[in-house]
Amino acid sequence: DTEVTQTPKHLVMGMTNKKSLKCEQHMGHRAMYWYKQKAKKPPELMFVYSYEKLSINESVPSRFSPECPNSSLLNLHLHALQPEDSALYLCASSQGDRNQETQYFGPGTRLLVL
Amino acid sequence: AQSVSQHNHHVILSEAASLELGCNYSYGGTVNLFWYVQYPGQHLQLLLKYFSGDPLVKGIKGFEAEFIKSKFSFNLRKPSVQWSDTAEYFCAVGLGSGTYKYIFGTGTRLKVLA
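In the order they appear, the protein sequences are chains A and B.
The first sequence runs 1 to 114 under this note's numbering.
The second sequence runs 1 to 114 under this note's numbering.
Check before you lean on any hint, since a few could be wrong.
Which residues of chain B face chain A? A few of them, derived with a C-beta cut under 8 Å, are [stated by the list, open to error]: (1) K49; (2) F90; (3) Y100.
It is worth saying that the hints were derived from the structure and are not from the lab.
The C-beta atom is built at its ideal place from N, Cα and C for all residues, glycine as well.
Full structure from sequences and hints, please.
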């Protein structure tokens with residue numbers, strides 16, 4: 001099973017809402033990632049978790065809050081987002097903990113902030 | 001600052017034409033190099049990768065790429081494209097040997113005409 005799943009597929013939220021994105025993998029991978037992808041742009045790294053600990057935070061605003069409850073799950077909690085946060089949010093995982101590993105991507109959650 | 005450049009943003013080819021997509025990066029240290037593909041409606045998936053050894057690497061679906069260290073390049077090639085190769089192609093560079101960080105290029109949208 002080389003699948004990374006993400007829910008929901010689409011999300012519309014207001015600027016005062018609180019929502020969460022969920023990512024799951026059952027490949028035994030120990031590194032998990034959140035990326036943000038705007039239209040016609042490349043994915044931009046937001047967070048990296050390694051062995052369930054936050055390893056990289058790419059200066060992401062605090063209205064985005066990641067959580068890794070266990071080695072298979074990665075959440076991204078959203079609060080008080082801005083319209084410019086509308087994007088495709090991609091989750092990925094990799095087996096090890098270094099950038100030689102192939103990252104396996106999920107299909108993404110398309111977020112629209114009104 | 002580190003960056004990855006893909007100079008061809010849009011490429012249109014006829015079936016059976018040869019393909020070469022450019023990728024250049026700016027980073028003086030050790031790199032690991034990847035090409036990812038995103039078919040319409042699908043998620044990012046790995047085409048091929050280079051870590052060390054033979055600078056000519058072969059990937060899936062007849063794709064290959066050549067790492068030229070002196071030119072900081074990792075160009076993707078395919079001798080004869082098919083309509084099914086229509087997709088967006090991203091070059092990605094993993095920086096250093098001890099981090100999780102990928103930087104993605106801006107992507108090249110390839111359209112193959114039947």
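Here is what the structure says about each hint:
1. K49: holds (6 Å)
2. F90: Holds. Min distance 6 Å.
3. Y100: holds (5 Å)
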